[in-house]
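Peer 1: Below, each chain spelled out in residue letters.
There are 2 protein chains.
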Amino acid sequence: MKRLKDLNTDELNELRQNLQKQYDAYKNQKLSLNMARGKPCPEQLDLSMGMLDLLTSTSDLTDANGTDIRNYGGLDGIPEAKAFFAQMMDISPEEIMVGGNASLSMMYDTVSAAMLHGVPDSTVPWSKLPSVKFLCPSPGYDRHFAICERQNIEMITVDMTDVGPDMDQVEKLVREDAAIKGIWCVPKYSNPTGITYSDEVVDRLARMETKASDFRIFWDNAYIVHHLTDRPDHLKNIMDACKAAGHPDRVFLFSSTSKVTFPGGGVAVMASSVNNLNFLKQKFSVQTIGPDKFNQLRHVRFLKDMEHLKAHMKKHAAILKPKFDTVIKILESELGGGQIASWSRPNGGYFISLNTLDGCAKEVVQMAKEVGVTLTPAGATFPYGKDPRDRNIRIAPSFPPLSELTTAIKILCLCIQIVSIEKRLSQSVAQ
Amino acid sequence: MKRLKDLNTDELNELRQNLQKQYDAYKNQKLSLNMARGKPCPEQLDLSMGMLDLLTSTSDLTDANGTDIRNYGGLDGIPEAKAFFAQMMDISPEEIMVGGNASLSMMYDTVSAAMLHGVPDSTVPWSKLPSVKFLCPSPGYDRHFAICERQNIEMITVDMTDVGPDMDQVEKLVREDAAIKGIWCVPKYSNPTGITYSDEVVDRLARMETKASDFRIFWDNAYIVHHLTDRPDHLKNIMDACKAAGHPDRVFLFSSTSKVTFPGGGVAVMASSVNNLNFLKQKFSVQTIGPDKFNQLRHVRFLKDMEHLKAHMKKHAAILKPKFDTVIKILESELGGGQIASWSRPNGGYFISLNTLDGCAKEVVQMAKEVGVTLTPAGATFPYGKDPRDRNIRIAPSFPPLSELTTAIKILCLCIQIVSIEKRLSQSVAQ
Chain F
287 MKRLKDLNTD ELNELRQNLQ KQYDAYKNQK LSLNMARGKP CPEQLDLSMG MLDLLTSTSD
347 LTDANGTDIR NYGGLDGIPE AKAFFAQMMD ISPEEIMVGG NASLSMMYDT VSAAMLHGVP
407 DSTVPWSKLP SVKFLCPSPG YDRHFAICER QNIEMITVDM TDVGPDMDQV EKLVREDAAI
467 KGIWCVPKYS NPTGITYSDE VVDRLARMET KASDFRIFWD NAYIVHHLTD RPDHLKNIMD
527 ACKAAGHPDR VFLFSSTSKV TFPGGGVAVM ASSVNNLNFL KQKFSVQTIG PDKFNQLRHV
587 RFLKDMEHLK AHMKKHAAIL KPKFDTVIKI LESELGGGQI ASWSRPNGGY FISLNTLDGC
647 AKEVVQMAKE VGVTLTPAGA TFPYGKDPRD RNIRIAPSFP PLSELTTAIK ILCLCIQIVS
707 IEKRLSQSVA Q
Chain A
287 MKRLKDLNTD ELNELRQNLQ KQYDAYKNQK LSLNMARGKP CPEQLDLSMG MLDLLTSTSD
347 LTDANGTDIR NYGGLDGIPE AKAFFAQMMD ISPEEIMVGG NASLSMMYDT VSAAMLHGVP
407 DSTVPWSKLP SVKFLCPSPG YDRHFAICER QNIEMITVDM TDVGPDMDQV EKLVREDAAI
467 KGIWCVPKYS NPTGITYSDE VVDRLARMET KASDFRIFWD NAYIVHHLTD RPDHLKNIMD
527 ACKAAGHPDR VFLFSSTSKV TFPGGGVAVM ASSVNNLNFL KQKFSVQTIG PDKFNQLRHV
587 RFLKDMEHLK AHMKKHAAIL KPKFDTVIKI LESELGGGQI ASWSRPNGGY FISLNTLDGC
647 AKEVVQMAKE VGVTLTPAGA TFPYGKDPRD RNIRIAPSFP PLSELTTAIK ILCLCIQIVS
707 IEKRLSQSVA Q
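Quick mapping for you: the protein sequence lines, in order, are chains F and A.
Taking our numbering, the leading residue of the first sequence gets 287, the next gets one more, and so forth.
Taking our numbering, the leading residue of the second sequence gets 287, the next gets one more, and so forth.
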């Protein structure tokens, strides 16, 4: 498209009218397209159906320790599940705790336990302090921010760069403010920007001096094996980095199979130092009798080992890659060169992050909604739902079929153009 | 056995020596018998193996709403699971929330939400108050008490009678103290006393005036369908009673299939007014993406309806009843008439509650442990683990095979006799 600044007012008005006609035509189609959440499509779910045939009434239901998985017992998961996830996360099995179906619950419970009891290095429970703050590299994941809001944790926005959070900002903040107890990270194929933290960022996070002696990194490695290409991003092992830096208790890691097998019945996992885990297990033992052991065994028998997991994830990529390519192709053809939007080209994960001109995102999302295209609410990728520049839009291409996706992104491009022209026109008037 | 008070010191010493010999003989057997927790035995678990064959790769995996259960969505359970549990609990489906595998987690999360945010009638979150207290009818369930301890809720012990908590005590306490926000109840085949609340107790709980406007009953109906005989106890519907009394939001009900199907992979459920549930769902949505929907569907397809459920629970009873009968038979033959212990004869549930002479329970449990019989720690059935009379012992007969159970209870009887004689002897000396 042409750059708007190269057009005069008449040309802008004409273009706007033309685009509006196209927009109105969509209005009549009564569309209902949802791209709000990173949700696998049915074809992806079909990849794991075989898992449902692996535990039957004639199966051996004892775990590697000889425990009858049908009965009570085992707060931190069956041994074979620990071993599997230890390999997946490149962490030793005793540093692993395997849970129920939601890593979100494990994150929530970990934050909640720290608020009620602190962590091993705390002098008091976090909730007894006058204020508790978390750093939130943004754009980021809205559900992390919701946990902070629920627990009355103040959020401090930190800028995201192409290689992770702006570490100059992070280091300065944690060095000076003892109330800063944590940082949320989606280190690989970050939600939503799709970037992977550089080795330097990982090392600086592991090494940095924190005024709070009980500072913790909440490392949500949700897309750890969710590559879209044959040249996956490399992420440095933060557990090793923290140990090497003399901060072995600094990090809580999380992951799950929600987007490996089934979001409606996956297995979640967390990892941390034995010291941290022992502390947490004592707290968790009050609130649960332990996770569903059947589903853990079912998963391990289905995913087997790293080789099988890799092959399985390639099948996901084969379904997802064309969707990501379609979105990027349309964005390029409709908006390329126009200097009114920029977008990510991730090597994995579930999102494409798009930035409009400042002050346009809310209106774009609203316009799209009015013709039946639901996007993640503008602002959701920032603490308190407030994008200071009102420009970030998270696109989740995974769920809709290609044809619907094409329509939805064309509509998105149309809305971005219309709102940008209006912006330009109102600026011309103001000048 | 003879009454100890009918024996003189020589006779007591002789009896003691004789019993000690029997005890020492057990010591040499290096036994390892665990009766600490209400845990189904393998034969009971075998009853539900057919459930594992009901969801396969060729199954229809859409719920009654047409939702693909494999994907995200549905915070409060699939419709057919709500309908099933609504029937089981005699409550309408919109007052039901079906969860993951642990009702303990639902109880914990409900208490935790009230601490962080209050309940619909609260003016402030409970944790912002100078003190929060719960009534704990005791002997009761140690895991309820652990939730209170974890959340810094002060526990007030209330006596248990044969028809429920002492309601004179309860009514007086809640009328006078606004800090009392809740009461824990296991209303049917109570843990551990085995009694069922009378209609009058249910009505008084529903009707009573509470100084706290946001008082809540935590109604853990864990043994709702867990009858041991063909003449099951009747429990009045507390939801109806609360509505009739003008307190529709007063009660949170909980139950699960942990002891219907598998403790290691059951389905938990809670029920409350729509008002309460809407409030809770808003809070829970921050901490979970929703429960495992596969396991809910699997359960509904297996348990089907109330008729099947009833037939299924009869099979459990057929396995459990002989174990309960054995325990009671041995207690009667070894201790009957001796006036050194009394015990319950429940019509359902998982426990036999035994009271020794005052001041003997801890020593009895310790002696039993020393010959390899693990019982629930003495005191565990009271708040803070402190039985004021040190007399209550919870017997869980479900897990051990009959032969082991027989040995364990004989040892228990031996320990009770020895400790009681010692008690008697020390009293003689003191006199």
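Possibly wrong hints are sitting among the right ones.
It does not matter which identical chain is meant; a pair holds if it fits inside one copy or across any two.
[As the list claims (entries may be wrong)] Pairs of lysine-lysine, DSS-like flavour, derived with a Cα cap of 30 angstroms: (1) LYS601 <-> LYS458; (2) LYS601 <-> LYS316; (3) LYS648 <-> LYS601; (4) LYS569 <-> LYS414; (5) LYS497 <-> LYS414; (6) LYS596 <-> LYS696; (7) LYS596 <-> LYS414; (8) LYS288 <-> LYS601; (9) LYS567 <-> LYS414; (10) LYS569 <-> LYS607; (11) LYS316 <-> LYS596; (12) LYS596 <-> LYS288; (13) LYS655 <-> LYS567; (14) LYS569 <-> LYS672.
FYI, nobody ran anything at the bench for these hints, they're computed from the structure.
Peer 1: Run every hint past the structure and note whether it holds.
Peer 2: Right, here's what the structure says about each hint:
Taking identical chains as interchangeable, the C-alpha atoms of LYS601 and LYS458 are never at most 30 angstroms apart, the minima being 43 angstroms within one chain and 66 angstroms between chains. Proximity of LYS601 to LYS316 under the C-alpha cut-off of 30 angstroms is found in neither arrangement, the shortest distances being 33 angstroms within a copy and 55 angstroms between copies. Taking the shortest alpha-carbon separations for LYS648 and LYS601, neither the intra-copy value of 35 angstroms nor the inter-copy value of 60 angstroms comes in at or below 30 angstroms. Proximity of LYS569 to LYS414 under the C-alpha cut-off of 30 angstroms is found in both arrangements, the shortest distances being 17 angstroms within a copy and 22 angstroms between copies.
In this homomeric assembly, LYS497 and LYS414 come within 30 angstroms of each other (Cα to Cα) both inside a single copy, at 17 angstroms, and across copies, at 28 angstroms. With identical chains, the CA atoms of LYS596 and LYS696 are never at most 30 angstroms apart, being 33 angstroms at best within one copy and 57 angstroms at best between copies. For the homomeric pair LYS596 and LYS414, neither the shortest alpha-carbon distance inside one copy (45 angstroms) nor that between copies (49 angstroms) is at most 30 angstroms. Within a single copy, LYS288 and LYS601 get their C-alpha atoms no closer than 39 angstroms, and across copies no closer than 76 angstroms, so neither meets the 30 angstroms cut-off.
For a Cα distance limit of 30 angstroms, the shortest separation of LYS567 from LYS414 qualifies both inside one copy, at 22 angstroms, and across copies, at 27 angstroms. Within a single copy, LYS569 and LYS607 get their C-alpha atoms no closer than 42 angstroms, and across copies no closer than 36 angstroms, so neither meets the 30 angstroms cut-off. Taking identical chains as interchangeable, the C-alpha atoms of LYS316 and LYS596 are never at most 30 angstroms apart, the minima being 40 angstroms within one chain and 49 angstroms between chains. Proximity of LYS596 and LYS288 under a CA criterion of 30 angstroms is satisfied in neither setting, with 43 angstroms inside one chain copy and 73 angstroms between copies.
Proximity of LYS655 and LYS567 under a CA criterion of 30 angstroms is satisfied inter-copy only: 25 angstroms between copies versus 44 angstroms inside one chain copy. Only between protomers do LYS569 and LYS672 lie at most 30 angstroms apart by alpha-carbon distance; the minimum there is 21 angstroms, versus 34 angstroms within a single protomer.
In the structure shown, a violation is registered for the earlier hints numbered 1, 2, 3, 6, 7, 8, 10, 11, 12, in ascending order.
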